[in-house]
Amino acid sequence: MEIIYSLAIGVLAGSGIWLLLRPRTFQVIMGLTLVSYAVNLFIFGMGRLSVGAPPIIESGTVVDVSSYADPVPQALVLTAIVIGFATTALYLVVLLALRGLSNTDHVDGTEYNS
Amino acid sequence: MPLVLIVVLPFLGSILAAILPHNARNQESWLAGIIAIVCAGLVIYTAPAVFNGEVLVQNISWLPSMGVNMTFRMDGFAWLFALLVTIMGALVVLYARYYMDPADPVPRFFSFFLAFMGSMLGVVLSGNVIQLVIFWELTSLSSFMLIAYWHHRQDARRGARMALTITAAGGFCLLAGMLMIGHIVGSYELSEILASGNMIRNHPWYIPILVLIALGGLTKSAQFPFHFWLPNAMAAPTPVSAYLHSATMVKAGVFILARFWPVLASTDQWFWIIGGAGMCSLLIGAFAATFQQDMKGVLAYSTISHLGLITLLLGLNSELALIAAIFHMINHATFKASLFMATGIVDHETGTRDMGVLSGLRKAMPITATLAIVAAAAMAGVPLLNGFLSKEMFFSETLFVDQTSYSSYLLPSLAVLASSFSVAYSLRFITQVFFGKPATDLPRKPHDPPHWMLFPSAVLVLLCILIGIFPEQIIGSILRVSATAILGDHLPAYSLAIWHGFNLPLIMSILALIGGISLLYVLKPLFRSYPGQTPVLYHFDGRKSFDAVMNGIDNIAYILLEWFSSKRLQPQVLWIVLITLVVGVLPLLDGNWLYLKQPFSFDPAFALLWIVGGACAIGAAYLAKYNRFRALALSGGAGLITCVTFAWLSAPDLALTQLVVETVTVVLILLGLRWLPRRVIEESQVTPLQAFIRRFRDLAIAICSGLGLSALVYIMLTREKPEGLSAFFLEKALPEGGGNNVVNVILVDFRGFDTYGEISVLGIVAITVYALLRRFRPPQESIHALENRHEIQTIDGNGLTNEHSLPKGILLAPNVLGRLMLPVITLISLYFLLRGHNLPGGGFVGGLIFATGIILQYMLSGIHWVETRSRVRPQYWISIGLLIAGGSSMLAWWVGQPFLSAISWDIYLPVIGKLHLSSVILFDIGVYALVVGATTFMLVALAHQSLRFYRKTPVAEVETNAEASTQLNFSDRVN
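Keeping their order, the protein sequence lines are chains Y and C. Numbered by our numbering, the letters in the first sequence go through residues 105 to 218 in order. Numbered by our numbering, the letters in the second sequence go through residues 59 to 1033 in order.
Just chain Y, with the same shape it has in the complex:
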């Protein structure tokens, strides 16, 4: 589980970073999305992986802390997902504005010769 999880994060991050370094705005937005998945999984994974133990407490039972997943990284990641969506939207709109202003989809706004 741990191996697969780490490799999964690695693949997502690698693809994302490759795309981040590209010169087209659409590639960058895709890259940002993939990197944000990788980072969300990373933060979530810091609470260590546990299967079948969601942090929903049964009423009336004594709480045994070790039998639940770690709720703190989950709260962090939830916030991160929502704000990530907002910034993706913002980036997309900036991309469109740049496209309209400069007639090209290059990240620098002009097609370079080098």
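Treat the hints with caution; some may be incorrect.
Said to hold, decoys possible - Cβ-to-Cβ under 10 angstroms is the rule here; a few derived chain C residues that face chain Y: (1) 377; (2) 677; (3) 769; (4) 828; (5) 997.
I should point out that these hints are in silico values taken from the structure, not numbers from a laboratory. Where a beta carbon is used, it is the ideal one built from N, C-alpha and C, also for glycine.
Following the hints, position chain C against chain Y.
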């Protein structure tokens, strides 16, 4: 105490001088002259104490905790220099009064002149080395302003810039050296530093300190290899050259070398560096001076040469040489300033300084000629003048250098050679200008200037003669007290007598005189055929090298900027990624991370899941360039796999949120896809090799980053989890937070403030998106490409008018289903909102679900149809959401609790029974409302771009009439 006064008065005078009117030559001169004389008087007032052997110190505390104090210290040597600066200042002021043209802006001149005088006095009277460097830099600055006085002239500007660059760079090195010395000695006070000579000489830092201080002194005194700024500084007015570039500023360099002589000298390195620089300057200066055409050029190179002589004497590591150096400092000041003044008079009266043009001025300006002849004779070293005495001391010192046999012959021979050139150029100076047939083609008719203009020059020449004939009486005690200040009480035996007997130095002087006269005859043809060109040396034009160095620095700066501070995005992102990679690799470097600490579990289904996920990610990366839609779909796939992972690994809230966000993101990006240009494989301007290298580099970085991140995650996952906050939240969520869903309780109760910030961010982003899209103008290509879309839509969906409530064609079934689904979707979203506290759900998920429902309607039925019927005004939902959330947080103030505390009520209703209400649900409702508003706002603003496009094109003229009735409705909605 007068010391502070001596330094401060000129600065005050400088400010006063700046205020006086434009053409107040007399007032300015009186002001400057009086200040100079007063300062001189103050210096003389302290004479009895100084001559007694006292060192006067005046201390003003400034930053006692950092050891930074203003200390003024006057010992014999400083006294000598202060006297020199002030008296010379007074004389030059008198001279300048007559030299300056009535049209010249005089306030600027005298203001900077006085500022310079104050800074120079500060340099000599400073008792704290940091303070000394500050005044040093002030002298550079005021000299810069004085050289560039006639700033309309290009040579003045260039010369000033060159002087400032070189002397300021030297000042910087000097500061570094002083800091190092202060660090070794433990204090910046000059008295303590002067007592720590051995400590510094034996310290491992000795050579860097020596080099730095040497750089400071040599740049200021225009010594080899930094000598080329001085001839270029001759573009200054002659009073400036007389004061700064002969008597005071260039002497600051040798002053500092003499000052630090007890600290840094007596080593081999000192001998080679200082002595070597001095020797080279002596020779080069004398050689070049012989060939100059400009009178001031001769004097400039001659100054370089004489200062080289002084530097060489300082570098000889001998106490007698030091005394000779101080003696020559005094003598050089007198005759050089006098010669500069004579040059200025000639220039003023005849209009030219060119020695090829001038001739025979003896008849027209007899007094000037006499003064100049005497001063030049002093410069050449003619007996009975002061120059002769110091030259004699110089010769005798070179004979006593105890080095290997070859240098014991080399040094005196070079000294004689330099002196012959000195005689040659002095003779040439006089014979060219004052002797021969009177010139007929001069710009102005020459005559002797007003008496007061000659007065300063006369005073100085008189001094030359007096010191030459009665050295012991005039200058003996001053010299003794200065030397004592540096060397201590045990001075070596020397005598200032005129005649020491017929010894080797005398023979050397005679040889130099004869050699100089013969040189002049030998070189005469060269003067005629190549006027103004120094043989051999003219290849090494200082100014050209300086300009080349400056250009080189500019180019390097440009390249560095291109690399590190590029305006382009990709280099910046590359640097971010690279540095993060390097930082991230650091924990991996010790290598012992491969072993496991927790039991190893493997689930094949999970592996399969992520094989698909990994393939999606890589596919998206590969396709993003030419196949945007497919890439988007694949990245959506990766997102869904992430969602399943969250669900698998016990994070139901995350899975829900990720699912809905994924959906909305895909819709969002789809809305934007249409505006991007077609991606065709085109000829690129980059060579294939360059492109390949760049791609390979990026691929390598990406793979390394991915692997590194994997390794980091693996390390973390296989280690023991440290104690954190989770226990607190898990235990307190139900009893104190009142909810079973711990994640939700954390979000809206324990960490409610963070959530409040988060929804504010969402609101801000939504408004920003809207604002950015108001100004959006579609690019040219997209308008043309989408023109025929218009016809298609009138058939299917978006051409819905008010008469047709349902479209015809393929969108009929989805429309019916979608409209039926809307209430169900709303119900589900409310259900998730309300159950969030105890089961997976919450305000975010609920809000996103509702927003999805609304967007579904937009997608199916079109903007017109929805907006004529919808009451959801997203911008109001955003504000209402924030207000509700804020209000519920402030509710706690009613019961005296702090902001964002949760208060709960238990209500007993007749049928339903006990209801446990909490203000937290209000907060969650606020979140819900805001998420709905923000999401809808963003996507609808994007969707409206298609309408905006319609209104612009002429094709849609017909349509706009039909849309006119609907325009009012949506124009007050979103636009």
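Exercise. When the hints from earlier in the document are held up against this structure, which numbers fail?
Worked result: Violated hint: only 1; rest satisfied.
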